[in-house]
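Colleague: Take a look at the letters that make up each chain.
Number of protein chains: 2
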Amino acid sequence: MKHTLTVGLVQQAAWPDKARSLAESERGVRDLAAQGAQLVMLQELHATHYFCQYEDPALFDLAEPLDGPTGQRLAALAAELDIVLVGSLFERRAAGLYHNTAVVYDRQQGRIGHYRKMHVPDDPGFYEKFYFTPGDADAAQGFQPIDTSLGRLGLLVCWDQWYPEAARLMALAGAELLLYPTAIGWHPPDDDAEKRRQKDAWTLIQRSHGVANGLPVLVANRVGHEPDHSEVSPGIDFWGGSFVCGPQGELLAHAGKESELLLVELDMARGEETRRMWPYLRDRRIDAYGDLTRRYRD
Amino acid sequence: MKHTLTVGLVQQAAWPDKARSLAESERGVRDLAAQGAQLVMLQELHATHYFCQYEDPALFDLAEPLDGPTGQRLAALAAELDIVLVGSLFERRAAGLYHNTAVVYDRQQGRIGHYRKMHVPDDPGFYEKFYFTPGDADAAQGFQPIDTSLGRLGLLVCWDQWYPEAARLMALAGAELLLYPTAIGWHPPDDDAEKRRQKDAWTLIQRSHGVANGLPVLVANRVGHEPDHSEVSPGIDFWGGSFVCGPQGELLAHAGKESELLLVELDMARGEETRRMWPYLRDRRIDAYGDLTRRYRD
Chain A
1 MKHTLTVGLV
11 QQAAWPDKAR
21 SLAESERGVR
31 DLAAQGAQLV
41 MLQELHATHY
51 FCQYEDPALF
61 DLAEPLDGPT
71 GQRLAALAAE
81 LDIVLVGSLF
91 ERRAAGLYHN
101 TAVVYDRQQG
111 RIGHYRKMHV
121 PDDPGFYEKF
131 YFTPGDADAA
141 QGFQPIDTSL
151 GRLGLLVCWD
161 QWYPEAARLM
171 ALAGAELLLY
181 PTAIGWHPPD
191 DDAEKRRQKD
201 AWTLIQRSHG
211 VANGLPVLVA
221 NRVGHEPDHS
231 EVSPGIDFWG
241 GSFVCGPQGE
251 LLAHAGKESE
261 LLLVELDMAR
271 GEETRRMWPY
281 LRDRRIDAYG
291 DLTRRYRD
Chain B
1 MKHTLTVGLV
11 QQAAWPDKAR
21 SLAESERGVR
31 DLAAQGAQLV
41 MLQELHATHY
51 FCQYEDPALF
61 DLAEPLDGPT
71 GQRLAALAAE
81 LDIVLVGSLF
91 ERRAAGLYHN
101 TAVVYDRQQG
111 RIGHYRKMHV
121 PDDPGFYEKF
131 YFTPGDADAA
141 QGFQPIDTSL
151 GRLGLLVCWD
161 QWYPEAARLM
171 ALAGAELLLY
181 PTAIGWHPPD
191 DDAEKRRQKD
201 AWTLIQRSHG
211 VANGLPVLVA
221 NRVGHEPDHS
231 EVSPGIDFWG
241 GSFVCGPQGE
251 LLAHAGKESE
261 LLLVELDMAR
271 GEETRRMWPY
281 LRDRRIDAYG
291 DLTRRYRD
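Heads up: the protein sequence lines correspond to chains A and B, in order.
Going by the numbering used here, the residue at position 161 of the first sequence is 161; the numbering climbs one at a time, nothing skipped.
Going by the numbering used here, the residue at position 210 of the second sequence is 210; the numbering climbs one at a time, nothing skipped.
Think of the hints as simulated: they come from the structure by calculation, not from any bench.
Hints may be right or wrong, so weigh each one.
If you want a taste of the chain A side facing chain B, the calculated C-beta under 10 Å gives, among others [what the hints assert, rightly or not]:
| hint | residue |
| --- | --- |
| 1 | Val120 |
| 2 | Glu165 |
| 3 | Ala166 |
| 4 | Asp267 |
| 5 | Met268 |
| 6 | Ala269 |
| 7 | Asp287 |
Note that the Cβ used here is the ideal one computed from N, Cα and C, for glycine as well.
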């Protein structure tokens with residue numbers, strides 16, 4: 001029995017002000033829904049510039065509660081278009097407690113789930129540990145997929161994409177898709193070879209999660225140059241390259257480095273077909289994986 | 001301080017008889033050593049045809065103890081050429097107890113370590129669960145790298161390549177390289193698109209272990225058509241495609257589908273450079289990985 005799912009990704013530039021960024025996102029979502037997308041995903045922190053290029057306490061003003069104005073707008077959009085919409089919020093959970101949170105809105109049901117980024121990066125130009133408290137889920141609760149009217153979503157965020165552990169835990173919990181809203185780009189002075197290696201590494205590690213788990217993967221990244229307003233660094237060139245791959249890691253759609261909408265009809269039966277042929281889950285050596293919960297085996 | 005390591009891979013066809021297969025392997029090893037290889041890796045079960053295409057108890061006659069004639073010959077070759085040599089044996093540990101074992105010979109020191117394949121596949125044409133007892137290492141002992149005069153080798157075998165857990169455990173134990181002797185190929189009747197997806201998936205999952213762990217990866221696969229002597233299936237077309245990639249998953253050398261020797265000078269400082277830039281090990285959520293030791297989270 002063939003079951004298809006039409007998914008859409010919005011790859012866009014962003015602006016410092018939410019009104020303009022959200023208008024651009026909304027235009028993309030409407031366009032994709034009009035083309036038949038049942039599930040649409042936006043990129044990480046799509047409502048603003050990627051503000052983590054420097055550390056400034058004033059920027060916490062950008063954060064909103066889960067059901068603040070941005071959340072309400074996304075929920076209304078999903079309801080109006082009768083789609084499942086995956087958005088991304090800079091979440092104010094309490095004063096001094098903020099998260100990088102992906103949120104799922106399901107048709108008329110509004111917000112039905114959210115995921116607070118568990119792996120939080122920090123490197124020059126990406127000072128996320130200042131802004132975002134890591135998701136506080138523990139072993140029993142952590143990396144739980146979100147059930148929607150279209151299936152069970154293994155929703156993760158950006159830096160999580162480098163961790164096979166996160167994808168595996170989602171798959172073991174029955175996720176039917178892996179999703180990565182992302183904001184990643186180049187340090188402009190790096191040479192072309194280094195830039196290519198970085199982008200290739202990013203593409204292939206996420207495709208590999210599809211392979212390892214027999215699941216389709218959706219990745220939405222932003223585009224465009226965004227300045228470092230502290231003027232310490234030359235800013236970031238976000239590399240786009242959003243993509244959808246199938247359960248063998250095969251690319252089904254792949255964006256360039258400009259704004260672009262991706263629309264893909266996924267054959268959801270292929271995942272089980274793939275897992276029957278190469279049944280990795282059968283052979284995991286769970287008796288010998290205990291040290292995966294150690295920081296280092298020293 | 002730059003530290004380089006010159007590695008060589010032998011990608012070859014095999015024959016049913018060991019004498020001819022080993023002569024071919026030896027020719028490749030000598031050639032690579034003459035070109036400056038310090039470490040040479042052979043493909044999985046290089047001494048014979050890939051005999052797991054059907055189940056026949058008589059084929060256990062092919063197995064040898066670790067230090068049987070094949071092991072002694074490989075040890076002597078490593079000593080003569082003053083190299084570290086990674087070979088692969090069908091190991092007879094006891095009557096009725098056989099393993100698929102990768103073995104490391106270090107210059108004059110002879111056999112200094114071995115790894116018994118932990119993940120053992122079984123699918124049509126690859127009936128390995130009949131022939132090979134899975135490695136019996138537990139959580140404390142499992143997936144331990146092998147120390148050599150050239151560095152610490154994260155040696156795994158074939159089907160292990162699909163498991164990010166295995167590569168991670170090797171990295172956490174201080175492995176400086178990941179190595180995968182392999183025997184994988186196409187079912188001849190599959191169409192070209194399926195063949196391409198399979199080979200691409202195989203290449204990218206192994207490159208992804210380099211990315212996730214900031215380590216170079218060496219993969220040696222066999223080539224050529226080998227018949228199914230039971231005449232049930234049309235045999236296997238081994239796809240070659242052996243490669244060496246660096247710690248960002250970048251391909252440094254990549255073989256075609258014929259016999260071929262690969263020689264690569266690895267800059268071993270790049271791994272630490274990469275890990276400093278993208279420090280994944282720093283941010284692993286070991287508090288939330290406990291369920292990785294479950295079969296399924298149901």
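Colleague: Indicate, hint by hint, whether the structure satisfies it.
Modeller: So, going through the hints one by one against the coordinates:
no., hint, verdict
1, Val120, "holds (7 Å)"
2, Glu165, "holds (5 Å)"
3, Ala166, "holds (8 Å)"
4, Asp267, "violated (13 Å)"
5, Met268, "violated (17 Å)"
6, Ala269, "violated (15 Å)"
7, Asp287, "holds (6 Å)"
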